[in-house]
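Protein chains: 2
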Amino acid sequence: MPPAQTLSTGSVGTVETRYVDLPDPVALDCGRELHPVRVAYETYGTLSPGKDNVILVCHALSGDAHAAGFSTSPAGSTRDGFGAEDRDGSAGKGLGWWDGMIGPGKAFDTDRFFVVCTNLLGGCSGTTGPSSVDPATNQPYGSNFPVITVADMVRTERAFLDVLGIERLAAVAGGSLGGMQALEWAVLYPDQVDALVVIASTHALHPQGVAWNSIARDAIMRDPAWQGGDYYGTGVAPSAGMGVARMVGHITYLSAPALIERFGRRLQFAEDLRYTITEPEFEIESYLRHQADSFVRRFDANTYLFTSRALTYFDLARQYGGGSLAGALDGVSARTLLIAFSSDWLYPPAASREIEEALRSLGKPVECHVIEAPYGHDCFLLEEARQTPIIRQFLAKERSS
Amino acid sequence: MPPAQTLSTGSVGTVETRYVDLPDPVALDCGRELHPVRVAYETYGTLSPGKDNVILVCHALSGDAHAAGFSTSPAGSTRDGFGAEDRDGSAGKGLGWWDGMIGPGKAFDTDRFFVVCTNLLGGCSGTTGPSSVDPATNQPYGSNFPVITVADMVRTERAFLDVLGIERLAAVAGGSLGGMQALEWAVLYPDQVDALVVIASTHALHPQGVAWNSIARDAIMRDPAWQGGDYYGTGVAPSAGMGVARMVGHITYLSAPALIERFGRRLQFAEDLRYTITEPEFEIESYLRHQADSFVRRFDANTYLFTSRALTYFDLARQYGGGSLAGALDGVSARTLLIAFSSDWLYPPAASREIEEALRSLGKPVECHVIEAPYGHDCFLLEEARQTPIIRQFLAKERSS
Chain R
1 MPPAQTLSTG
11 SVGTVETRYV
21 DLPDPVALDC
31 GRELHPVRVA
41 YETYGTLSPG
51 KDNVILVCHA
61 LSGDAHAAGF
71 STSPAGSTRD
81 GFGAEDRDGS
91 AGKGLGWWDG
101 MIGPGKAFDT
111 DRFFVVCTNL
121 LGGCSGTTGP
131 SSVDPATNQP
141 YGSNFPVITV
151 ADMVRTERAF
161 LDVLGIERLA
171 AVAGGSLGGM
181 QALEWAVLYP
191 DQVDALVVIA
201 STHALHPQGV
211 AWNSIARDAI
221 MRDPAWQGGD
231 YYGTGVAPSA
241 GMGVARMVGH
251 ITYLSAPALI
261 ERFGRRLQFA
271 EDLRYTITEP
281 EFEIESYLRH
291 QADSFVRRFD
301 ANTYLFTSRA
311 LTYFDLARQY
321 GGGSLAGALD
331 GVSARTLLIA
341 FSSDWLYPPA
351 ASREIEEALR
361 SLGKPVECHV
371 IEAPYGHDCF
381 LLEEARQTPI
391 IRQFLAKERS
401 S
Chain B
1 MPPAQTLSTG
11 SVGTVETRYV
21 DLPDPVALDC
31 GRELHPVRVA
41 YETYGTLSPG
51 KDNVILVCHA
61 LSGDAHAAGF
71 STSPAGSTRD
81 GFGAEDRDGS
91 AGKGLGWWDG
101 MIGPGKAFDT
111 DRFFVVCTNL
121 LGGCSGTTGP
131 SSVDPATNQP
141 YGSNFPVITV
151 ADMVRTERAF
161 LDVLGIERLA
171 AVAGGSLGGM
181 QALEWAVLYP
191 DQVDALVVIA
201 STHALHPQGV
211 AWNSIARDAI
221 MRDPAWQGGD
231 YYGTGVAPSA
241 GMGVARMVGH
251 ITYLSAPALI
261 ERFGRRLQFA
271 EDLRYTITEP
281 EFEIESYLRH
291 QADSFVRRFD
301 ANTYLFTSRA
311 LTYFDLARQY
321 GGGSLAGALD
331 GVSARTLLIA
341 FSSDWLYPPA
351 ASREIEEALR
361 SLGKPVECHV
371 IEAPYGHDCF
381 LLEEARQTPI
391 IRQFLAKERS
401 S
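In order, the protein sequences belong to chains R and B. So the first sequence is numbered by UniProt numbering: it starts at 1 and just counts up by one. So the second sequence is numbered by UniProt numbering: it starts at 1 and just counts up by one.
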């Protein structure tokens with residue numbers, strides 16, 4: 001059991017990741033099928049007899065199914081209060097990556113809702129992904145893993161909920177890539193979703209975001225240890241390249257003012273330069289290396305590649321609207337809550353505003369909140385206190401309608 | 001001879017890079033000395049009998065001495081109208097990297113001024129750098145090259161001008177790292193500089209810029225082909241890592257709106273996804289790889305490392321002001337022109353404003369212009385037409401005073 005003080009008021013307590021094997025193959029956008037597919041998941045709260053209180057929480061690029069509560073895995077929590085994306089992939093250890101948002105009395109209130117979180121398709125924390133064994137070869141998929149899309153992730157989530165006997169969702173919620181999944185749910189299964197909570201997300205990543213993701217993937221693929229994707233079992237992994245990818249990602253998750261506030265130009269060793277290119281000289285250089293080192297220990301490089309590719313492909317207007325976002329959202333029946341953060345330059349508020357305008361132009365119920373906060377994209381993991389009343393109020397309306 | 005049409009009105013014509021060997025060792029901030037030091041340089045215009053019409057132009061991270069005119073080197077010009085940092089290191093080929101700014105009737109008017117540009121200390125285009133032979137070993141310096149600073153670059157420029165018999169400078173001018181050198185000149189040699197033209201630069205890179213540079217260097221140093229810096233003569237070089245470094249740099253030189261305008265989310269092959277992680281799928285992905293490939297063919301990775309380190313160290317307030325920028329600039333006697341660009345997020349206008357305010361608080365002559373332009377940091381190489389009247393007017397004042 002964890003020490004009592006790690007369980008804050010409103011904790012869902014000690015939790016366990018479970019697994020489901022889907023009975024049927026998952027048909028993918030690329031034309032291939034995946035079978036078998038295993039899905040790792042956690043649940044919090046109690047499923048109502050009518051199965052009408054389910055909220056599906058979708059995680060972001062580096063996350064996993066452990067969204068809330070305390071896992072009894074031996075490793076400690078990765079929550080550290082800054083650079084919160086660290087939490088967004090606690091890989092079953094310590095507190096869940098959205099523990100501040102999920103629990104009794106919290107934004108996603110487990111006294112009312114049955115909250116489900118799965119590790120996404122292509123993941124490396126229990127759900128079938130590139131490191132899983134390909135039944136055709138009895139070897140890990142590696143380079144033979146199919147290139148997946150956000151829609152493929154959502155189809156997998158749909159098939160998983162079928163196994164649990166859950167037809168409808170009271171809400172789908174997520175930040176970043178998780179928000180993309182929520183939007184995709186509303187388009188693919190309009191009759192099965194009552195509400196969307198889309199946080200720090202977009203209908204299509206802007207070109208600079210596409211570029212950052214491309215650079216991160218190239219950093220991994222240019223690492224000779226990547227071996228074309230077939231590094232499993234070779235005793236080496238592209239940790240050097242994935243470290244660089246993580247450092248790029250990390251800086252895009254934070255805002256420039258947040259870096260000034262946290263690190264400034266402080267040197268590692270008081271005010272003395274050491275005249276070195278190999279060693280960190282500024283505090284932020286040391287911090288970045290630490291972030292890279294801790295990430296590569298817990299995450300699979302191929303999962304990073306396939307997930308990053310999926311989120312750059314995501315483009316509702318192209319996929320479903322012939323170039324028109326309103327066209328793509330025409331069939332949506334869910335009520336939509338959008339939350340964006342003023343300092344998020346990777347998923348800027350403008351994208352949420354575009355979704356809001358498209359939905360409004362279609363006469364669909366939507367509200368968009370832009371929270372003034374300095375920590376960039378990571379706000380969706382950090383600004384729990386300010387998101388909570390907005391989300392609770394939005395979900396309460398659902399109940400009363 | 002180049003075809004006539006490549007020589008625009010106001011061209012300085014065909015030019016040649018020349019070389020000077022400094023007679024004395026250069027004393028470095030790190031405590032070491034470098035000897036011998038060779039400096040590559042070009043000159044444009046005519047030195048006045050009183051030697052009072054000299055403008056020193058300093059280049060940025062990836063530049064060289066070939067700032068203007070047409071070089072008869074066999075390779076073609078790298079000017080391509082976008083991603084202008086490409087020009088900022090044409091490595092003696094084609095048109096100079098600031099050809100639009102230097103020539104008869106141009107911003108730096110060679111009908112009046114004798115313009116000098118050197119390849120900076122640590123460079124890879126003729127001036128002594130990490131790829132030069134260390135006389136102590138008869139091998140390239142590689143990992144044994146000293147960690148240099150912007151002040152070391154400026155001391156080398158000072159020693160070089162001594163060889164040419166030039167005592168005073170009518171102006172020192174540069175963009176980005178070139179602007180840092182100009183500021184350093186005014187602090188180190190206050191009695192020898194009449195005017196500064198500091199473009200898209202700063203008194204100290206902000207923490208996010210420190211982070212990008214750190215990531216770029218790590219990308220190079222994590223490439224096994226880097227071999228601790230001693231890759232010369234081994235038949236391999238850290239091209240994979242330097243390509244990633246260049247891609248990171250390239251995106252920081254441009255603005256997000258410029259990427260939307262130029263690339264949007266256009267796919268390489270019409271509207272068909274190919275479902276690939278290894279091949280470029282978006283135009284911007286292909287563009288980035290092209291930028292990386294062309295850069296690694298012309299630039300030395302160790303020069304990138306040492307130059308990047310120098311520009312992150314640069315911090316006038318720390319070096320000379322005990323933390324106060326005004327304190328650092330107290331001894332400056334040069335008139336100062338600052339130009340910044342509204343969309344430059346790597347060297348944002350705020351930094352130029354801070355320099356302006358510090359100089360103004362000291363009662364020193366300064367003017368600061370923030371040009372509204374969309375192309376980010378690269379504007380200093382692209383927005384020639386809008387910088388020209390500002391610079392000409394500023395330099396004309398000097399003549400009349």
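Hints are supplied without guarantee of correctness; some may be wrong.
[Stated by the list, open to error] Covered by chain R, per the in silico footprint, the following chain B stretches (three or more residues, Cβ under 8 angstroms): (1) 164-178; (2) 199-209; (3) 212-226; (4) 240-246; (5) 307-321.
[To be verified] Example chain R residues on the side facing chain B (calculated, C-beta under 7 angstroms, incomplete): (6) 136; (7) 247; (8) 284; (9) 305.
[As the list claims (entries may be wrong)] To list a few chain B residues with every Cβ distance to chain R over 10 angstroms, as calculated: (10) 24; (11) 292; (12) 372; (13) 392.
Hints are computed from structural coordinates only; laboratory data are not their basis. The beta carbon of each residue, even a glycine, is placed where N, CA and C say it ideally should be.
For each hint, the structure was consulted:
1. Under a criterion of three residues with beta carbons nearer than 8 angstroms to beta carbons of chain R, the stated coverage of the region 164-178 of chain B fails, only 0 such residues being counted.
2. For the region 199-209 of chain B, the proposed coverage by chain R is satisfied: 5 residues have a C-beta within less than 8 angstroms of a C-beta in that chain, meeting the threshold of three.
3. For the region 212-226 of chain B, the assignment as covered by chain R holds, since 10 residues bring a beta-carbon within under 8 angstroms of that chain's beta-carbons and 3 suffice.
4. Counting residues of the region 240-246 of chain B whose C-beta lies closer than 8 angstroms to any C-beta of chain R gives 4; at least three are required, and the coverage claim holds.
5. For the region 307-321 of chain B, the stated coverage by chain R is satisfied: 5 residues place a CB nearer than 8 angstroms to a CB of that chain, which reaches the threshold of 3.
6. Interface restraint check: residue 136 of chain R against chain B, minimum CB-CB distance 18 angstroms, threshold 7 angstroms, status violated.
7. For residue 247 of chain R, the interface hint holds, since its Cβ comes within 7 angstroms of a Cβ in chain B; the closest pair sits about 5 angstroms apart.
8. At a threshold of 7 angstroms, the smallest CB-CB gap from residue 284 of chain R to chain B is about 5 angstroms, leaving the interface hint in force.
9. The restraint placing residue 305 of chain R at the interface with chain B holds, with a minimum CB-CB distance near 5 angstroms, inside the 7 angstroms limit.
10. Its beta-carbon lying about 21 angstroms from the closest one in chain R, residue 24 of chain B satisfies the requirement of being farther than 10 angstroms from that chain.
11. Residue 292 of chain B, annotated as away from the interface, has a beta carbon of chain R within 10 angstroms; the closest lies near 8 angstroms.
12. Taking the minimum C-beta to C-beta distance to chain R, about 19 angstroms, the non-interface status of residue 372 of chain B holds against the 10 angstroms cut.
13. No beta-carbon of chain R comes within 10 angstroms of the beta-carbon of residue 392 of chain B; the shortest separation is about 34 angstroms.
Figure legend: structure checked against the earlier numbered hints; hints not met, in rising order: 1, 6, 11.
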